[in-house]
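Work out the full structure, taking the sequences as your base and the hints as a guide.
Top to bottom, those sequences are chains H and F. Counting in the numbering used here, the first sequence runs from 1 upward without gaps. Counting in the numbering used here, the second sequence runs from 1 upward without gaps.
No lab work stands behind these hints, which were simulated from the structure alone. Hints may be right or wrong, so weigh each one.
[Unchecked claim] Cut-off 25 Å, straight-line C-alpha distance, at most; resulting in silico cross-link-like pairs (SDA-like, lysine to any residue):
#: 1; chain 1: F; residue 1: Lys281; chain 2: H; residue 2: Asp18
#: 2; chain 1: H; residue 1: Lys149; chain 2: F; residue 2: Pro308
#: 3; chain 1: H; residue 1: Lys239; chain 2: H; residue 2: Gly182
#: 4; chain 1: H; residue 1: Lys75; chain 2: F; residue 2: Pro308
#: 5; chain 1: H; residue 1: Lys148; chain 2: F; residue 2: Ile28
#: 6; chain 1: F; residue 1: Lys284; chain 2: H; residue 2: Pro151
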Amino acid sequence: MTLKAVVNNVAKMPASTDAVVDIQKLSLTFQTADGPVYALSDVDLTIERGDFVSFIGPSGCGKTTLLRVIADLEKATGGDISINGVSAQEARENRAYGYVFQAPALLPWRTIERNVTLPLEIMEISKEERIRRGHEALKLVELNGFEKKFPWQLSGGMQQRASIARALSFDADLLLMDEPFGALDEIVRDHLNEQLLKLWARTNKTVAFVTHSIPEAVYLSSKIVVMSPRPGRIIDVIKTDFPKDRGLDIRETPEFLEVAHRVREGLRAGHSYDE
Amino acid sequence: MKQVTGTHSVKLDKFCLVAATAALLSLIFPLTGIDAETGKQIAFVGDIPGLAIAMALCVIVGAAFTWLGVGKIQYAAIILAVAVFGCWQAVTALYDHGLAGHATSGFWLFILSLWAFVWRGIDVVARYRSLETAKQQSANILVPIAFGIWLLFVWEVIVAGFGVPQVLLPAPSAIGVRFINSTDTLAADFYQTFIKAVISGYVIGCGSAFIVAIAVDRVPFLKRGLLPLGNMVSALPIIGVAPIMVMWFGFDWQSKAAVIVIMTFFPMLVNTVTGLNAAGKLEKDLMATYASGYWSTLLRLRLPAAMPFIFNALKINSTLALIGAIVAEFFGTPIVGMGFRISTEVGRMNVDMVWAEIALAALAGTAFYGAVAFAERKATSWHPSFRVRRH
Ligand SMILES: Nc1ncnc2c1ncn2[C@@H]1O[C@H](COP(=O)(O)OP(=O)(O)OP(=O)(O)O)[C@@H](O)[C@H]1O
Ligand SMILES: [Mg+2]
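Encoded structure:
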């Protein structure tokens, strides 16, 4: 433990590329009334500082579960996990990450602004600062002007964007995003993808991103993790080397199509594995 | 079969038809019974011009709107105005022309006619929809008020028309007169029962239950054990508890407040405990990702989510508290208080005073409940049940 802490302190030097998430032989079994559900099995994964990692795989393969284990919302039943060199629980208590859930999860009694600044309020940041940061985060997802509205006055997609703003508001170094753009139309999605990429390129944040869309995964990521269902395991990890400041037009390039093809092949293999 | 012709099909307004017919018959049928001494009818329509005019008006207006229909709010206003005039004339006939106690078929047919008008009029107002909030709100308020006034009128007319003895049921006017003439007594009773006993018992009962709920929230076995225990205590009869509280806390308001504390404690406790568990798993996970502590989560997530449950208990308790205080006063009290007055005045056959106290209790109870409901609306305006109205 102490050794790990020392390693962590050394690793906190800005320029170094070190493991933000380090997962070894991780498995998770849910005990249910119908018997055990093997959600994750034998997962090995390292996410380095500045990585943009996409998780892709069929529905029910354990993507959300894996993200929740990283976020310490679920306890692994086997294997090891460390975040920034400390346990997942410590990382959570250090507010190491911002999490975007699959559903917006906005509190209905708070305005959009007060929802977005909720984490800042919990972290006891001054009111002026909260308002300033909340405003900035809302601008990033193009929801400025909706500060005083209540969640139910917004469309589902707008609510999801507000929940993204909330995760961005406190500027965590690690972003865990569970299908954040699943409910949005293609155009808005493209736009938010660009925004997210810009943010990533600018801030050197580390992102773990769950998606069902192959183009989205390839476009955004520096690393694509392809998962297979039941029990969820990693069947392929694909590194891409597009520049950080890539534009939407790279989706037309042969390299892009090649990577997309490899992801699709991986997903297919996962499926036949299942049957 | 519906025929498609140039002229639009005539649909008679049934209520106006009833009103017109009943008013017409009321002009023909005898207004009163026969006087035992003279062997003559006590009064004729011809002797009471106001009543005759009202009846004739009902016939004309009823007939007109039978054909026209009451499609517009203005038409509803006309028939309601006619009904108000009719009600006034009916009461005048009862009290100034000796109909009280002797009314017969002609008079009751007229009341039937008025009933048809009022029913139709209120119905139209209740269906009124306007985009202007002020208009819509006045329509919304008018419906219960008009309905309430109508019920009071029917009560008055039945008591006076049939000559119901005061001891069985006094007329609303008699109760009103008694109310106004006894404001001093009523004020003293109100102060003793409501301000002293109800308010303090309610605040102590609900407040302590709230605090205990938050304490209990951290002890899982208490949470499970509470619900059945709460049901048991709620089932305790007040008439058993009240005398014991008098022995413990004396005759004055303190023992009544104690009864109220017992009555209100468990509804509040059980509702608050349930409410504190109402927050969804997703929201709790969200708070966990911010490493939000127990108190922070309580304040920012669990208490707001519990508000609908807490207000539910506060509303239930507002009625329970008043009932509890009044009943508890039956078991020993200083010589003041709403319950005390009811029990003693019943003994003296002063039934109108009893009814005046009942009216006071109804007013106080409604105002109390209304105040809590208003606070609820302010505090939980985000809740789906209130949203609809705020487009
Ligand atoms: N709390 C739980 N209890 C029991 N089983 C669970 C629980 N949570 C998830 N599972 C099971 O674990 C498996 C993985 O679920 P998970 O939510 O991680 O899938 P997913 O990959 O995110 O799917 P999707 O793409 O549809 O969101 C599923 O089979 C699911 O039924
Ligand atoms: Mg999922």
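Below or equal to 25 Å on CA atoms is what counts here, so check F/Lys284 against H/Pro151.
Cα-Cα ~18 Å, so holds.
Distance restraint between H/Lys148 and F/Ile28, which requires alpha-carbon spacing of 25 Å or less:
violated (67 Å)
Taking 25 Å as the top limit, are the C-alpha atoms of H/Lys75 and F/Pro308 close enough?
violated (33 Å)
Given the hinted pair H/Lys149 and F/Pro308, is their alpha-carbon gap at most 25 Å?
holds (21 Å)
Given the hinted pair H/Lys239 and H/Gly182, is their Cα-Cα distance within 25 Å?
This hinted pair holds, its Cα atoms lying about 23 Å apart.
Would the hint linking F/Lys281 and H/Asp18 be met if the CA-CA limit is 25 Å?
Cα-Cα ~33 Å, so violated.
Checked against the numbered hints listed earlier, the structure breaks hints 1, 4 and 5; every other hint is satisfied.
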